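Engineer: Protein chains in written order, with our numbering: chain A, 1 to 307; chain B, 1 to 207.
Worth flagging that the hints you see were computed from the coordinates, not collected in a lab. All values derive from a computational prediction rather than experimental measurement. Every residue gets a Cβ at the ideal spot worked out from N, C-alpha and C, and that includes glycine. Do not take every clue at face value.
To be verified - Partial chain B-side listing against chain A, Cβ under 10 angstroms, derived:
| id | residue |
| --- | --- |
| 1 | PRO116 |
| 2 | TRP118 |
| 3 | GLU130 |
| 4 | ASN166 |
Said to hold, decoys possible - Across the chosen pairs, the derived CB separations fall in these ranges:
| id | chain 1 | residue 1 | chain 2 | residue 2 | range |
| --- | --- | --- | --- | --- | --- |
| 5 | A | GLY136 | B | ARG175 | 47 to 53 angstroms |
| 6 | A | GLY136 | B | LYS91 | 22 to 28 angstroms |
| 7 | A | ASP111 | B | ARG175 | 53 to 59 angstroms |
| 8 | B | GLU106 | A | GLY136 | 53 to 59 angstroms |
| 9 | B | ARG107 | A | GLU289 | 53 to 59 angstroms |
Unchecked claim - Heads up, simulated DMTMM-like pairs for lysine to aspartate or glutamate below, C-alpha to C-alpha not over 25 angstroms straight-line:
| id | chain 1 | residue 1 | chain 2 | residue 2 |
| --- | --- | --- | --- | --- |
| 10 | A | LYS70 | B | GLU125 |
| 11 | B | LYS93 | A | ASP268 |
| 12 | A | LYS23 | B | GLU125 |
| 13 | B | LYS18 | A | GLU141 |
| 14 | B | LYS91 | A | GLU18 |
| 15 | A | LYS108 | B | ASP13 |
| 16 | A | LYS267 | B | GLU190 |
| 17 | A | LYS267 | B | GLU96 |
| 18 | B | LYS93 | A | GLU18 |
| 19 | B | LYS173 | A | GLU257 |
| 20 | A | LYS23 | B | ASP64 |
| 21 | A | LYS267 | B | ASP117 |
| 22 | B | LYS18 | A | GLU257 |
| 23 | A | LYS183 | B | GLU187 |
| 24 | A | LYS235 | B | GLU190 |
| 25 | A | LYS235 | B | ASP117 |
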Amino acid sequence: METILSVEHLMISFSQYERGWRKIQLPVIRDLSINIKGHEIVAVVGSSGSGKSLLAHAVMGLLPANASWKGRIAFKGEELTGKRVGELRGRQMVLVPQSVSYLDPLMKVGDQVRRGHKDGISRARSREVLGRYGLGEDTEELYPFQLSGGMTRRVLISTAVMEKPELVIADEPTPGLHISAAKRVLSHFREIADGGAGVLLITHDLELALQVADRIVVFYAGTNVEEAAVSDFQKEERLRHPYTRALYRAMPSHGFEVQPGAQPYVKDLPVGCPYGPRCPIADQGCMEEIEYRAYEGGMVKCRKAGT
Amino acid sequence: MRLEAENISFQYDNGNRKILNNVSMGLEQEERVGITAPSGFGKTTFCKILAGYELPDSGRVLLDKKPLSAYGAYCPVQMVWQHPELSVNPKLKMREVIKEGDGVEERIIRGLGIEPDWMNRYPGELSGGELQRFCIARALGGQTRFLLADEISTMLDLITQSQIWNFLLEEVKRRKMGLLVVSHSGELLERVCTRIVDLKEEISIWT
Chain A
1 METILSVEHL
11 MISFSQYERG
21 WRKIQLPVIR
31 DLSINIKGHE
41 IVAVVGSSGS
51 GKSLLAHAVM
61 GLLPANASWK
71 GRIAFKGEEL
81 TGKRVGELRG
91 RQMVLVPQSV
101 SYLDPLMKVG
111 DQVRRGHKDG
121 ISRARSREVL
131 GRYGLGEDTE
141 ELYPFQLSGG
151 MTRRVLISTA
161 VMEKPELVIA
171 DEPTPGLHIS
181 AAKRVLSHFR
191 EIADGGAGVL
201 LITHDLELAL
211 QVADRIVVFY
221 AGTNVEEAAV
231 SDFQKEERLR
241 HPYTRALYRA
251 MPSHGFEVQP
261 GAQPYVKDLP
271 VGCPYGPRCP
281 IADQGCMEEI
291 EYRAYEGGMV
301 KCRKAGT
Chain B
1 MRLEAENISF
11 QYDNGNRKIL
21 NNVSMGLEQE
31 ERVGITAPSG
41 FGKTTFCKIL
51 AGYELPDSGR
61 VLLDKKPLSA
71 YGAYCPVQMV
81 WQHPELSVNP
91 KLKMREVIKE
101 GDGVEERIIR
111 GLGIEPDWMN
121 RYPGELSGGE
131 LQRFCIARAL
141 GGQTRFLLAD
151 EISTMLDLIT
161 QSQIWNFLLE
171 EVKRRKMGLL
181 VVSHSGELLE
191 RVCTRIVDLK
201 EEISIWT
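Here chain A stands alone, though its shape is the one from the complex (with noise of 0.2 angstroms):
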């Protein structure tokens, strides 16, 4: 199956500014590296205020003028420069914003799903998308503050997929929704997904996650620390990293275990692994740089897996 998006190596960071003059540079995803083939859904986990959203941004083109990034972002093998991020943006990928706010206020939402086309084919597809997604005519008559929370998800997949994209990218699509209605939103990733196309669910929903994805991604303070496959977490031994292990075990259907501790605030980084300080099974040699390497089937960056 083709590789649709590869990210090798993603770096970001942010400047600001320090007590005034001082400029500092805040290094908010250290090291990122994720691969996307066709029908197939990858979710990147982590928790909320860990920058996975900037993920996102980066590979739209989208990030704040403050920001800067260093690393290999290539859709279909073509590594993607700010002009061909232009060409392919809205067209071949895709994304599926976070909020209702991503929506325009004063615009009705089949002009919006249509993007202001007005032509016989232009309204066919849209009907037909909306349709797809169990909204009916009187829909793209009502501007979006007379939505429903999940009327508004559907709204905005409704957006995506119209130009049938190769690659989707959803921003935690689920938060605020009712568990079957959260199962309902993903169901239709599913369905992009097996019509073909690539998927990228951001989420800190891990046991959403593995209803959905084939594949977990799991973010920890920056950078990557395991990839795994969902069928991996049906057993906690088949997890590889320590972190991945505590969060099977949060779990509240594994035993809503306390781990002590929080991430570390981007600033304050501890030196190698930085799960290390939280760490049951951490020593000397985990205070250096730690490789992200292959093992049974997935990916870890933990020197002492398998060991």
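Position chain B against the provided structure of chain A, taking the given hints into account.
Structural biologist: Quick look at chain B alone, frame taken from chain A:
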């Protein structure tokens, strides 16, 4: 002590349908009640009324048979909101934010895993999970008798979620507080609550 909602009805000004229609419910001290319902059923609105942020169109909220307004400046019913980033003043450092509570004990601040260094930061420099710890600490002042938790862990990763809930459970037991938990996660409610109420099924709930 008992927190009692009597025949609460409520409708927002924008002319939409009635959100709460004649809802009644009682919450004892030392009881942990979970509330579940699909979105749009008025779970948050119900919490806001119980905590005194909104007045119902009809019906009343009684704490020990007295209305909430009889309790002076500090309301013994405190609410923790779903979006911590929207419930702190962005221009105050965290050490000022925590002072908005009612003399929050050092023990609580430590128990929630709040690092001393976070006190010197502005809300924009903390993650959602870190901010939510402050919001919970702020609601756990000395005179708090009932705590309403409205989807307080939806935006958190699993580890932070279990840290916060395990602490809260211990705290409400120690202080014999009543706890009302709103969540869409059935597994979480099963784990945390002594009783679960479906707002959708019971328009007029158990009294």
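Engineer: Take the hints in turn and mark each one as holding or not.
Structural biologist: We went through each hint and held it up to the structure:
With its C-beta approaching chain A no nearer than about 13 angstroms, B:PRO116 sits outside the 10 angstroms limit, and its interface hint is violated. At about 8 angstroms, the closest approach between the beta carbon of B:TRP118 and any beta carbon in chain A falls short of 10 angstroms, and the interface hint on this residue holds. For B:GLU130, the suggested interface contact is upheld, since its CB lies about 7 angstroms from the closest CB of chain A, less than 10 angstroms. Nearest Cβ of chain A to the Cβ of B:ASN166: about 5 angstroms, under the 10 angstroms cut. The hint holds.
Restraint check, A:GLY136 to B:ARG175: a C-beta distance of roughly 51 angstroms satisfies the suggested window 47 to 53 angstroms. Distance hint check for A:GLY136 and B:LYS91: the Cβ-Cβ separation is about 45 angstroms, which falls outside the suggested range of 22 to 28 angstroms. In this structure the supplied range 53 to 59 angstroms holds for A:ASP111 paired with B:ARG175, their Cβ-Cβ distance being about 55 angstroms. Taken as a hint, the range 53 to 59 angstroms holds for the pair B:GLU106 and A:GLY136, whose Cβ atoms sit roughly 57 angstroms apart.
Look at B:ARG107 against A:GLU289: about 39 angstroms separates their beta carbons, and that is not inside 53 to 59 angstroms. A distance of roughly 23 angstroms separates the Cα atoms of A:LYS70 and B:GLU125; the hinted pair therefore holds under the 25 angstroms criterion. As the CA atoms of B:LYS93 and A:ASP268 are separated by approximately 19 angstroms, the hinted pair is consistent with the 25 angstroms bound. A hinted pair counts as satisfied when its Cα atoms are at most 25 angstroms apart, and A:LYS23 with B:GLU125 qualifies at roughly 16 angstroms.
About 24 angstroms separates the Cα atoms of B:LYS18 and A:GLU141, which keeps this hinted pair within 25 angstroms; it holds. Of the pairs offered as hints, the one joining B:LYS91 and A:GLU18 holds, with about 16 angstroms between alpha carbons and a cut-off of 25 angstroms not exceeded. A hinted pair counts as satisfied when its Cα atoms are at most 25 angstroms apart, and A:LYS108 with B:ASP13 qualifies at roughly 23 angstroms. The hinted pair formed by A:LYS267 and B:GLU190 fails the criterion: a straight-line CA distance of about 38 angstroms is larger than 25 angstroms.
At roughly 22 angstroms between alpha-carbon atoms, A:LYS267 and B:GLU96 fall within 25 angstroms of each other, so this suggested pair holds. A distance of roughly 15 angstroms separates the Cα atoms of B:LYS93 and A:GLU18; the hinted pair therefore holds under the 25 angstroms criterion. Simply put, B:LYS173 and A:GLU257 have alpha-carbon atoms about 18 angstroms apart, close enough for the 25 angstroms limit, and the pair holds. A C-alpha spacing of about 56 angstroms is found between A:LYS23 and B:ASP64, which places the hinted pair above 25 angstroms, so the restraint is violated.
Taking the CA atoms of A:LYS267 and B:ASP117, the gap is near 12 angstroms; set against the 25 angstroms cutoff, the hint holds. In summary, the hint linking B:LYS18 to A:GLU257 is not supported, as the alpha carbons are separated by about 41 angstroms, beyond the 25 angstroms threshold. For the hint pairing A:LYS183 with B:GLU187, the CA-to-CA distance comes to about 15 angstroms; that is within 25 angstroms, so the pair holds. For the hint pairing A:LYS235 with B:GLU190, the CA-to-CA distance comes to about 22 angstroms; that is within 25 angstroms, so the pair holds.
For the hint linking A:LYS235 to B:ASP117, the alpha-carbon distance of about 37 angstroms lies beyond 25 angstroms, and the restraint is violated.
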